[in-house]
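Enquirer: Chain residues, written in single-letter form:
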Amino acid sequence: MTVSVSWYVILGAILFTIGVVGLLVRRNVLIMLMCIELMLNASNLTFVSFARQHQDVGGQADVFFVLVVAAAEVVVGLAIIVSIFRKRLGATADDLSSMKG
Amino acid sequence: MGNIVPSHGAASALPYLTVIILLPIIFGLVVGVLPRDKAIVAKVVGGIGMLATAVLAVAIMFIFATGKSGYQMVTDHTWISQLGISWHFGVDGLSLFLVVLVALLAPIALYGAEEKYRTTSFISWVLILEGACIGSFLALDVFVFFIFFELTLIPTYFMVAGWGGKERGKAALKFFLYTLLGSAFLLAGMLILAGLHQSQTGTLTFDLTALAKTHLTYSTEVLLFLCFSAAFAVKTPIFPFHTWSPLAYKESPIAGAVMLAGVMAKLGTYGLVRFDLTLFPRASYRLAPLFLTLGVIGIIYGAVVAAWQKDFKRLVAFSSLSHLGFVVLGIFAFTVQGLTGGILQMFNHGIVTAAMFLLIGMITKRTGSWQISSLGGIQRVAPVLAGIMMVVVLAGLGLPGLNGFIGEFLILTGTFLIHRWWAVAAAGGVILSAVYLLWAYQRAFHGTPDEGIVSKMKEINFKESMILAPLIALIVLIGVFPAPMLDRITPTVNSIVAHVDSANHVSPPSTGAKSTLSSSNGGGK
Amino acid sequence: MEHAVIFIPIIPLVSALFLISFGKKLGEPLSGWIATLAVGGSFVASVITWIGVLGSHGIDRTFIQHLFTWLPVGSFQVQMAFQADPLSVTMALFVSGVSTLIHLYSIEYMHGDKDFPKFFIYLNLFVASMLILVLGANLLITFLGWEGVGVCSYFLISFWFERPKAATAGKKAMIVNRIADVGFLMAMFLAFQSIGSLNYSNLISAAPHISHTTLTAIVVLAFVGAMGKSAQFPLFGWLADAMEGPTPVSALIHAATMVTAGVFLMVRLSPLLALAPGAAHFITIIGIITAFVAAAAGTSQNDIKKVLAYSTVSQLGYMFIGVGSGAYVAAIFLMVTHAFYKALLFLSAGSVIHGMNDEQDLKAMGALRALMPMTALAFFVGWMAIAGVPPFAGFFSKGDVLLGAYQQNIFIWLAGVITAGLTSYYMGREFCLAFLGKRRWEEKPKVKKAARSSHAAKEVHPHDPGFKMLGPILLLAGLAVIGGLLNLPFASSLKVLEHWLAPSLGIAPTPLHAASSSVQWVLAVVDAIVALGGGYIAFAIWSKKSKHPELEPVFLQSAWYIDATGNAVVAKSGTRLAEISADVIEPVVIDGAVVGVVNIAKFVGVGLHKIASGFVRREALVIAGGTVILLLAVGIRGGW
Amino acid sequence: MIGASFPDELTFFLAAIICVIGALGVVLTKHPVRAALSLVMTLFGVAVLFVEQQADFLAAVQVIVYAGAIVVLFLFVIMLLGVDKVEAMAKEPLIGQRIAALLVGLGVLALIGVSGWGHWYSGSMSVVGSTSLGSAGIRSLAEATFTTYLLPFEVTSILLIIVVMGAVVLVRRGGGGGPGAIDKASLSDEDLESEEAQ
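Protein chains in written order, with numbering that gives the first Met the number 0: chain A, 0 to 100; chain B, 0 to 524; chain C, 0 to 639; chain D, 0 to 197.
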């Protein structure tokens with residue numbers, strides 16, 4: 000058998016944390032999107048690990064959906080970035096503060 | 000949404016109540032999609048809807064069996080089973096005449112004070128409001144009540160904001176937010192109560208009779224009672240939660256004011272009886288002095304402030320505060336006489352206030368002003384209108400032989416039996432109501448009319464008098480022969496009072512010579 | 000026969016409703032005649048009922064006609080029921096009788112008024128209410144009529160509503176009555192609480208079983224109600240102001256009928272009152288104060304109607320002295336005879352005002368005797384009657400009251416006698432100023448009053464009125480002369496009224512005429528001397544000269560400033576309170592609290608607004624922080 | 000110490016190190032292209048771990064969809080827009096953002112890490128179907144996806160359609176701008192800087 004699920008969870012946590020920190024620290028929107036992908040991967044990893052632990056294929060099915068959603072999110076995210084770039088130059092997140100309350 | 004399946008065999012042969020709730024709402028939606036440029040079509044369709052509703056309401060009044068205390072014509076279906084919400088409606092002595100009141104006042108309000116501008120939408124809103132009010136009065140499922148209770152806000156908001164006076168936006172917003180804040184407490188209380196009930200019995204339900212059996216510690220009961228009461232106190236309004244009402248009444252169109260003061264105010268007092276007294280009898284009983292005091296303050300304060308108003312509509316707003324103070328007093332007296340009087344007074348207040356607003360509307364339509372100071376001497380120019388106003392004023396100040404007296408007298412009698420000094424203080428309102436009403440009448444109707452009044456003021460026409468006729472007839476009829484109404488109200492009141500008394504282990508106040516022999520001071524507290 | 004009792008109030012009521020619908024079309028004088036006939040019909044019905052009641056004896060002379068249940072609420076059951084018993088039939092007879100005469104009088108008096116039909120609607124409604132009041136079989140029906148006469152008096156006082164003074168006087172009458180009505184209401188509540196019923200029969204039968212304190216409280220509270228309606232100290236100001244109404248109104252309401260309602264109520268409750276001596280003393284004291292204060296005020300009035308108004312107040316005080324001293328029959332006796340001579344006086348005064356083109360100032364009259372001989376004669380009879388000169392009606396009725404007072408307390412009697420002297424004096428002064436002396440109406444330039452009647456524009460030519468006015472006056476004059484026959488003191492068999500009323504009344508602690516007959520003779524002689532003396536002094540002073548400022552002090556002209564004080568204290572401070580409440584407390588304190596809460600919410604919102612910087616990463620940081628907290632919570636709940 | 004066979008341990012640790020290095024590369028590298036390539040590294044590492052846990056099908060999808068499609072899309076956009084510039088990492092305009100980010104990151108790590116050794120996640124679950132090796136695993140995954148998860152599956156398909164349409168609408172030229180496109184083209188960089196400073 001392979002290593003204990005706990006190790007996978009720890010690895011997932013590390014990847015997720017790196018993703019979080021990256022998301023918060025980097026200003027390039029593209030890289031921020033990549034960080035999100037990192038976080039999603041981390042969660043996928045734990046899903047699969049738990050699926051193994053519980054002998055339940057449901058966890059894998061969830062990963063399947065997460066993949067689809069991730070793909071969709073990247074498509075929309077990139078489309079937004081492209082349309083923003085048409086209007087202005089620069090792709091840092093801090094340029095986008097039109098949500099200011 | 001979930002599907003409606005019949006659950007109990009208690010349903011009546013014909014689903015009168017479902018029909019009377021849905022009829023105006025459906026007509027309202029239909030009117031809403033009618034072409035905007037043809038107001039006459041909307042008037043006819045809306046009129047048919049309201050007439051049908053009124054006929055149905057009268058039919059329910061006649062089918063209603065006297066001498067029974069429970070709910071009649073019950074409709075009970077599970078609606079959204081996952082949330083334990085059921086389509087549960089029933090009518091009893093408490094709600095019967097309020098339903099009749101809504102069905103009566105909605106057409107009178109609409110056709111007594113027509114709006115020339117965007118008529119179609121206005122009729123649509125009034126119809127929806129009518130259905131929502133009827134639904135609130137008939138719902139026996141707390142959640143369904145809440146839905147209808149909140150649904151009344153939307154048409155009212157649009158009626159005030161769309162057809163109101165100069166400060167309509169501010170008035171509508173203040174009314175909406177204030178009421179919504181109260182409702183938030185109601186929602187919270189309701190969910191907590193249902194949650195407690197679920198944790199005790201394992202079933203999630205919002206059914207009133209089931210929830211009434213929930214075991215509550217005293218402190219929880221008080222907390223929930225206050226949550227529920229917050230919503231009702233704002234809606235009624237009870238002093239000091241009334242400050243939205245003068246602005247809302249003043250700025251709303253006449254029809255809106257009639258519905259606001261005539262019907263929607265009753266939602267608050269109705270809720271106090273139906274929910275607070277049924278669900279939280281102990282808290283209601285123990286906290287009664289608080290509400291009696293607020294009621295008395297409302298009676299006196301409303302009358303005093305009304306005396307100084309320069310604006311007829313604001314005057315009615317404060318006089319409503321005063322009159323509804325009497326209703327609150329009657330409810331929290333916990334005697335058969337007090338509560339019966341309170342329920343009757345809800346109906347009376349609706350009729351009197353509606354008539355008053357309609358008359359103010361007629362005067363305003365002619366003179367273009369509802370400032371009392373700009374009027375004067377109307378009685379010389381329009382004696383019939385003045386005479387009708389006089390009858391309404393006299394009903395408002397509680398002249399025996401007119402409806403206002405019956406309610407006030409029963410309330411004061413009932414209150415006197417248990418809470419003597421509150422009744423004594425409230426009786427001051429009897430004097431003050433004469434002061435502010437007669438003073439206002441004198442300023443507007445007595446004296447010599449000036450040129451402007453003579454040229455602009457006209458006698459009321461046939462249509463206007465026909466619209467007022469049923470109200471005046473009811474004012475006199477209830478004043479002289481209230482027994483048919485009292486016979487229908489009293490059995491329900493008996494059971495409510497018995498419910499509260501048994502929950503508090505007290506016996507009803509005794510009257511008569513025997514009891515006084517033992518207590519020479521007359522049983523006062 | 001007794002069943003006719005329900006027709007007594009219903010005929011004028013139906014007539015009023017009929018006139019509301021068709022009065023305008025019928026116009027003048029037909030609407031007036033219909034109204035008069037209706038009240039006459041009610042008098043006939045009263046007579047029929049009276050004959051019916053005479054048919055039975057003793058306690059059986061109480062007949063109750065149930066119509067329907069008015070207020071059925073649990074243990075509280077109030078019937079719409081009318082009671083025909085000696086007391087109520089007596090009242091009904093004299094109310095409907097005097098009212099018929101006044102209606103007839105009004106047809107001529109109100110001739111030419113713009114609102115002629117409306118006047119008769121109000122009069123009919125008023126009579127119907129008054130009859131409901133006296134015939135009611137329980138307190139609540141009485142209260143129905145009680146408030147009905149109150150509101151009709153409001154209508155009638157402010158009948159000439161274009162005059163601000165009239166409108167204000169009407170409102171004042173209504174409000175002062177309402178203040179007192181609270182007492183009546185409280186009496187009813189207390190009666191229901193302690194006895195469980197408002198029916199007079201139940202009240203009377205239960206009275207001996209309830210506690211003394213409660214009984215006293217009920218009676219005193221009911222008397223507070225009576226103080227308003229019967230214009231007792233200190234609530235009598237409204238009655239003087241009520242003279243703003245047309246004169247027939249003053250005659251009908253403020254002399255003969257409405258103001259006697261309070262006396263009637265107390266006599267109706269006399270079985271309770273007899274058991275509550277404390278309350279009786281209170282009533283006596285208020286009565287004597289009122290009688291004296293009002294009589295003194297009457298000596299200095301210059302308005303022909305105001306003298307009569309204060310005299311009415313004073314006479315009502317006498318009636319309450321009778322009630323308080325247990326001389327219930329005497330009170331009713333005085334009430335009936337007072338109705339005769341006071342209606343006579345008012346109608347004569349109205350005839351003078353009518354002849355003088357709406358002039359009411361006594362100082363602008365004089366020497367009318369020659370021009371209006373019949374009126375002068377009638378007024379003279381009225382003077383004699385009210386003064387208590389034998390053998391006029393007032394001598395016997397007032398004598399009975401004073402006898403009752405004497406048996407209670409000699410000082411009350413003494414005050415009563417002094418007041419009787421004052422009464423004779425001020426009526427004599429009025430008679431002299433109006434009918435004797437020199438013509439004074441041509442001296443001062445006439446200030447035109449509101450010219451409402453068609454005859455107002457003409458030159459002043461005082462004259463006796465036509466038969467519709469004079470007929471009632473002469474009939475009343477006759478009654479004022481012979482009214483004493485109702486209850487002559489000489490022999491027991493002559494005390495008709497006393498025997499007749501006995502079943503309806505309570506038994507006073509000391510029966511009237513308990514004193515020895517020699518004492519009674521002495522008292523009667525004293526009364527007669529005082530009456531004649533007061534009259535003579537008035538004649539001596541006022542028949543020659545119309546100006547004696549030293550005898551008309553300002554404080555008496557303003558009725559001891561009692562009304563002015565009440566006005567200043569209650570009305571002014573009340574207005575101020577309303578102003579402060581509406582302009583300060585409402586917007587600043589109560590709505591201010593609401594606005595304050597809104598402002599707090601706004602403040603918090605503005606604060607939070609700063610946090611919402613709009614920078615994506617900052618908001619992401621907040622979300623991430625929230626995630627940490629959520630994880631922490633889940634971990635703690637799950638116990639890791 | 001791990002309770003597994005040595006080859007499995009070796010595979011796990013190697014793959015884990017690759018993943019972490021790749022992730023750190025994404026976050027730390029200044030150049031977007033490099034970041035994208037680092038992401039591929041992590042994705043491959045995760046794919047290996049999928050295989051290690053009998054999720055063969057998912058591993059294949061991971062490589063094909065992520066590495067093959069998504070990362071290519073990233074690179075494509077980077078090239079298209081010409082934003083392959085170096086980001087100024089030294090300057091952080093938002094005050095305290097980095098420190099807060101690190102703290103939050105540590106918090107997340109610590110909490111998930113603690114949870115990883117806890118018991119709360121190991122309770123009994125509703126079991127949709129057992130995982131097994133090879134084609135049997137794919138079969139059971141397919142069964143679960145098309146029976147139990149049919150509704151989410153359909154919803155996902157709708158989502159994809161919406162995404163396609165959304166992307167077209169957003170990127171289309173001259174369409175009046177998408178919902179997110181606020182016309183600030185006239186603003187200069189200085190303006191943007193001042194807006195940040197607020």
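It is worth saying that the hints were derived from the structure and are not from the lab.
If you're wondering where the values come from, they're calculated on a predicted model, not measured in any experiment.
Careful, some of the hints might be misleading.
Straight-line alpha carbon distances no greater than 35 Å define the calculated DSBU-like cross-link-like pairs of lysine-lysine that follow [as the list claims (entries may be wrong)]:
1. C:Lys-113 to B:Lys-455
2. C:Lys-609 to A:Lys-86
3. C:Lys-437 to B:Lys-462
4. C:Lys-23 to B:Lys-455
Enquirer: Decide, hint by hint, whether the structure agrees.
Expert: These are the hints, each one checked on the structure:
Pair hint Lys-113 of chain C plus Lys-455 of chain B holds up; C-alpha atoms about 21 Å apart against a cutoff of 35 Å. Straight-line distance between C-alpha atoms of Lys-609 of chain C and Lys-86 of chain A comes to about 27 Å, which keeps the hinted pair within the 35 Å bound. The hinted pair formed by Lys-437 of chain C and Lys-462 of chain B fails the criterion: a straight-line CA distance of about 61 Å is larger than 35 Å. Taking the CA atoms of Lys-23 of chain C and Lys-455 of chain B, the gap is near 23 Å; set against the 35 Å cutoff, the hint holds.
Comparing the model with each numbered hint stated earlier shows that hint 3 is the single one that does not hold.
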